[in-house]
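Asks: Chains A, B, C and D, in that order, are what the protein sequence lines are. If you're matching positions, the first sequence starts at 598 in my numbering and goes up one per residue. If you're matching positions, the second sequence starts at 598 in my numbering and goes up one per residue. If you're matching positions, the third sequence starts at 598 in my numbering and goes up one per residue. If you're matching positions, the fourth sequence starts at 598 in my numbering and goes up one per residue.
Derived from the structure by calculation, the hints contain no laboratory data. A few of these clues could be false.
Identical chains share a label here; the pair holds if one copy fits it or two copies do between them.
Claimed, not checked - Simulated crosslink set (DSSO-like; lysine-lysine; CA at most 27 Å straight-line): (1) Lys840 with Lys666; (2) Lys756 with Lys927; (3) Lys672 with Lys600; (4) Lys787 with Lys825; (5) Lys851 with Lys787; (6) Lys677 with Lys775; (7) Lys787 with Lys662; (8) Lys775 with Lys787; (9) Lys916 with Lys694; (10) Lys776 with Lys753.
There are 4 protein chains.
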Amino acid sequence: MKKVKVGINGYGTIGKRTATAVNQQDDMEVVGVTKTRPTYEASVANKLNLPLYVPDEEVAGDFKKAGIKVAGTIKDLYKKADIIVDCTPGEVAEEYKRQYEEAGIKGIFQGGEDHSLTGISFNASANYKESWGAQFSRIVSCNTTGLVRTLYPLDKKYKVQSAFATLIRRSADPNDSKKGPVNAIEPSLKIPTHHGPDVQSIMPWLNIQTMAVKVPTTLMHLHTVMVKLGTEASTEDIIDLWKNTPRVRLVKGKSGIKSSAQIMELAKDLGRPRGDMYEIIVWEDGVKVVGDTLYFYQAVHQESDVIPEIVDCIRSMCKIEEDPSASMKKTDMAMGI
Amino acid sequence: MKKVKVGINGYGTIGKRTATAVNQQDDMEVVGVTKTRPTYEASVANKLNLPLYVPDEEVAGDFKKAGIKVAGTIKDLYKKADIIVDCTPGEVAEEYKRQYEEAGIKGIFQGGEDHSLTGISFNASANYKESWGAQFSRIVSCNTTGLVRTLYPLDKKYKVQSAFATLIRRSADPNDSKKGPVNAIEPSLKIPTHHGPDVQSIMPWLNIQTMAVKVPTTLMHLHTVMVKLGTEASTEDIIDLWKNTPRVRLVKGKSGIKSSAQIMELAKDLGRPRGDMYEIIVWEDGVKVVGDTLYFYQAVHQESDVIPEIVDCIRSMCKIEEDPSASMKKTDMAMGI
Amino acid sequence: MKKVKVGINGYGTIGKRTATAVNQQDDMEVVGVTKTRPTYEASVANKLNLPLYVPDEEVAGDFKKAGIKVAGTIKDLYKKADIIVDCTPGEVAEEYKRQYEEAGIKGIFQGGEDHSLTGISFNASANYKESWGAQFSRIVSCNTTGLVRTLYPLDKKYKVQSAFATLIRRSADPNDSKKGPVNAIEPSLKIPTHHGPDVQSIMPWLNIQTMAVKVPTTLMHLHTVMVKLGTEASTEDIIDLWKNTPRVRLVKGKSGIKSSAQIMELAKDLGRPRGDMYEIIVWEDGVKVVGDTLYFYQAVHQESDVIPEIVDCIRSMCKIEEDPSASMKKTDMAMGI
Amino acid sequence: MKKVKVGINGYGTIGKRTATAVNQQDDMEVVGVTKTRPTYEASVANKLNLPLYVPDEEVAGDFKKAGIKVAGTIKDLYKKADIIVDCTPGEVAEEYKRQYEEAGIKGIFQGGEDHSLTGISFNASANYKESWGAQFSRIVSCNTTGLVRTLYPLDKKYKVQSAFATLIRRSADPNDSKKGPVNAIEPSLKIPTHHGPDVQSIMPWLNIQTMAVKVPTTLMHLHTVMVKLGTEASTEDIIDLWKNTPRVRLVKGKSGIKSSAQIMELAKDLGRPRGDMYEIIVWEDGVKVVGDTLYFYQAVHQESDVIPEIVDCIRSMCKIEEDPSASMKKTDMAMGI
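With the hints as extra help, turn the sequences into a complete structure.
Replies: Below you can see the structure in the form of structure tokens.
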């Protein structure tokens, strides 16, 4: 089988993980990653034999001076790749989309970009087929992915009348030592926050509102969610549903998983690369149905929950596998989920 | 006018502030505070000329050795006081209640105790008269006080159909260097958390549900609140209501108050003793009515928001002032609110 | 007595505190403060009746729109002031120095600026007279002030042969919710760090080396210091020395002051405005002489330790009081130290 | 070759990592681990096929109820093991040592225990042979291991006259969400701290003093170290020495490794299990020789730096490999260092 050739533009938090996950699959492979500065991460790309591309010849000189091997410029990468996973930071996506278009290759963008950039947003369970053969698609953000993972099956089975979520967001990724706050809670004053509409880019019919705060931790986001259900369900029904939902994992406080700290420890214990937790974590002993209302807590590993979605999106866009479930199973098996 | 003689059992976070606030009033005075160990806080009580009482003669010796003056044992304090504000830590309230009863004096307990201890809970705006002449009453917790301050006037004017709040709790007080977490978010898995029922100890008719998480900050609690209103209201109506509500203070993100950090700075800027913010803070640009639903963020200074309530509760229990508004105005004026 | 007219350029962390401290003195007064944006801090300046000056007429409009009263532009302030305390952020000091010069008024700069800007640096105990009548002087940084406060008397009495300090620095001020790190330790790789030379701007003969790290806390800096003494001293001798040193305060771990958290609580307990601790804190039970070497821990309240120095520097530059001790006593008495 | 049978008493932070590292070697294998409560970590031990032993039959019942398979009680483990790596928490080591003695098996204790428990302490580079054939030995703590790794080769080549280190300690491990402080710096007031004498349990001749503070981070400890050298050396000499020292790794701030956060990211980038950094990290651009004095910063991954030492200690105690270098190379190769 001919493997899909994947280029990764931006070898940072998402780019690194995408590289690993793509190379774990048997129907796709990484043909190159890009980096703009000769940091330690670029050195590691060399060690891992990931061909490294840079913006232009001038920058290439800086890499060489730092003893880092460069495979070419990003234009060279375009020639080798069938599809680019764009993991660049904000505000440059428009320009890159133009470049991918000109090069005649496909592109996947991240949740930091607006839905309007691509017109299609992706979640494997909910709308795999919308990206079928598309030139451009967008993986929704880590928080949105988290909400869709639990709400989509819930809505399918119990008709969600309305949902209200508070997102307690980590303030910086673990490898970011610049951003704060060190000791404060910061609300997202624009109400509703963008998370609700972002969920609607996947489930346009869903009545959802969100509020958000930023808190001084690096590990995970945590959501409190209140859902009005359209049909009757018990606490056990809901737990059963999610036990059988892919990429949702139930844990228990009484087994010692009291906080996001122990979730991250569990991911390490399970031998996950980088200690990643790709699944959305729901506390089984924190799920409760009262009357027609369901309450639950879920936690989202912001660095990694979208990675299996990216892999599936590549399959949908490149028309490798028509069946969403089959793609998801294949991805998860290869990634050890 | 004869001043009410107030004893304070436990000179810690709440006890210290109560001492200051009581002595700022012209109709009550502190006749003594208690401390169980000869810490720096006990030394400061000496400096401030607050008579210091200890559990027994043996402990008194430790204080003397540390150069700290002792006025007597707690039994001596009982003889001098008309009312004790009990600021002891958990699990000893039952025993102290018995002692106060035996000594024939009144007692005010804190929100850490159950409503059942006293059968009466107190909030100045909502139910001042329920504690009138009572021997025992209970000030509801900082978070409950915060919720009642904004929800009570809201309910009175716009009929709250249901309320759902997520409490993002600070993990330790600023002077507590033992407790964590340092880097995690911890959900309160028991749903509903105790906060909803605690609000109902003041407003038994209110349909309210709460969830809570603990986060690594010391400064304030922050609430996200969603309220279904029974009668029509605009965003401006709600803001106007709270502008005219005592002990609620509106701030704006666009004036630079982006987080709990700047609220604490504002309290210092206003010259508040200890940098305390007695009011519940609502972000004006974080209030929004969408259809029949109101969303807002509020912040609670856990160390101090109950202090003016304690003062008013003393007035109600000791029958000094019959009119709740008059008591509140007197308290706030004296405390510089 | 004619009071010295003090203008404060920059009403932030240092500016606010300088305003309060200057107005507590009987021989100087604040004639105005400046602010560049109409934030909540500007509103508070209005409430406190501090005349507020802005960069230019255009900006004045923004203030008026926000309902904040403006007294004029900074040029107007220059006409009213004898001396400006410059509390502006970095990189604009050169330009402001030029403006003060042109206006024919004196100026005090902060430790963020280089010694070369003024050619004179100030610490009240160590070199009060160097700034006598000077047009420009510089208050050394909070950390340097801390080191000079303990090392100067030590050197005077016991001849410091060499000193080595590690500065464990808070990462952001309490009211700053942007800066991190949230969860990391960051070394200052340039060795020696600038703190050693900065101490030498006051004590040029001192053999001192420093290293520094940044840690995720907002409260205080903490120093570990190792000093080789030239003459014999016991642990008790050293403690006695500092007990009699102004603006140095001894505390004990065994009295419950285990960390910077309890120091800040002590400052609040003492009724200090804003909860400030102007003194350098030395742990009495953390001082130890082993052979010819002294080890100790000290803590520095970065927001406030320089404030009494600023007041004394004004007296020296404006020739109000010739005797350093007399000025320090006057300042400390007025500030409640 | 017959493999050494290793039991691990306590399957927590150190126990888990020891299990992985031992099973990566070809001359030893894990025959069982112990756990006292049926937590998620016990479930994972099951998944990893590590035979799980419990204190007694009663506790075994709790495990079965939680669906966790138990292989027997700890007495059963004693029968199968040649050596126990004791990773139990403090205060029980004496009793366990007695049990191992009675069972006629060897035991390795951790740095939380005193040197006097075993009379022998271990570091592979410095004193591998002292544990040769011993029944009991002790791996020195993470911080001590860190100091010995850099100071031992330094002393060998350049004669360390004296060393002074400040240890800036993480306050809790990443999976511990109970301990604080959240926002404070706490000094270790007992001077000298125990770290100096602990280094001397390996290098008794070394003149070393230490001070320590605890800070709100979970990631790594960081040391500032000042060393007086007995013979001349340049900054480059020192860097060269450590470049060729096993289990010491040089990094550069200018490659983007500014803090402990990026070190942990590097460990993940390198594909290390659990994101562990077994090496002591020295900042190359933070090393400086001034006159006869060397200054440097080093960082210690408290969860993992002792793991390769444990493996080597097993080899020395069980007489598998006489040559320290050969053992270290074998260990490091197997662990991917």
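Asks: How do Lys916 and Lys694 come out at 27 Å by Cα distance, when the copy is not named: within, between, both, or neither?
Replies: within (20 Å within a copy, 63 Å between copies)
Asks: Measure nothing new, just compare the shortest in-copy and cross-copy C-alpha distances for Lys787 and Lys825 to 27 Å and report within, between, both or neither.
Replies: both (24 Å within a copy, 19 Å between copies)
Asks: Is the C-alpha distance from Lys677 to Lys775 at most 27 Å within one copy, between copies, in both cases, or in neither?
Replies: neither (36 Å within a copy, 41 Å between copies)
Asks: Treating 27 Å as the Cα threshold, decide for Lys775 and Lys787: within, between, both or neither.
Replies: both (24 Å within a copy, 18 Å between copies)
Asks: I want to check one pair: Lys776 and Lys753. Are their C-alpha atoms no more than 27 Å apart within a copy, between two copies, both, or neither?
Replies: neither (39 Å within a copy, 42 Å between copies)
Asks: Between copies, within a copy, both or neither: which fits Lys672 and Lys600 at Cα up to 27 Å?
Replies: within (21 Å within a copy, 54 Å between copies)
Asks: With 27 Å as the alpha-carbon cut-off, assign the pair Lys756 and Lys927 to within, between, both or neither.
Replies: Classified as neither; 29 Å inside a copy, 53 Å across copies.
Asks: Measure nothing new, just compare the shortest in-copy and cross-copy C-alpha distances for Lys840 and Lys666 to 27 Å and report within, between, both or neither.
Replies: Intra 46 Å, inter 22 Å, cutoff 27 Å: inter-copy only.
Asks: How do Lys787 and Lys662 come out at 27 Å by Cα distance, when the copy is not named: within, between, both, or neither?
Replies: between (46 Å within a copy, 22 Å between copies)
Asks: Give the relationship of Lys851 and Lys787 under a CA distance limit of 27 Å: within one copy only, between copies only, both, or neither.
Replies: Answer is between: at 11 Å across copies they meet the 27 Å cutoff, but 37 Å inside does not.
When each numbered hint is compared with the structure, violations occur for hints 2, 6, 10.
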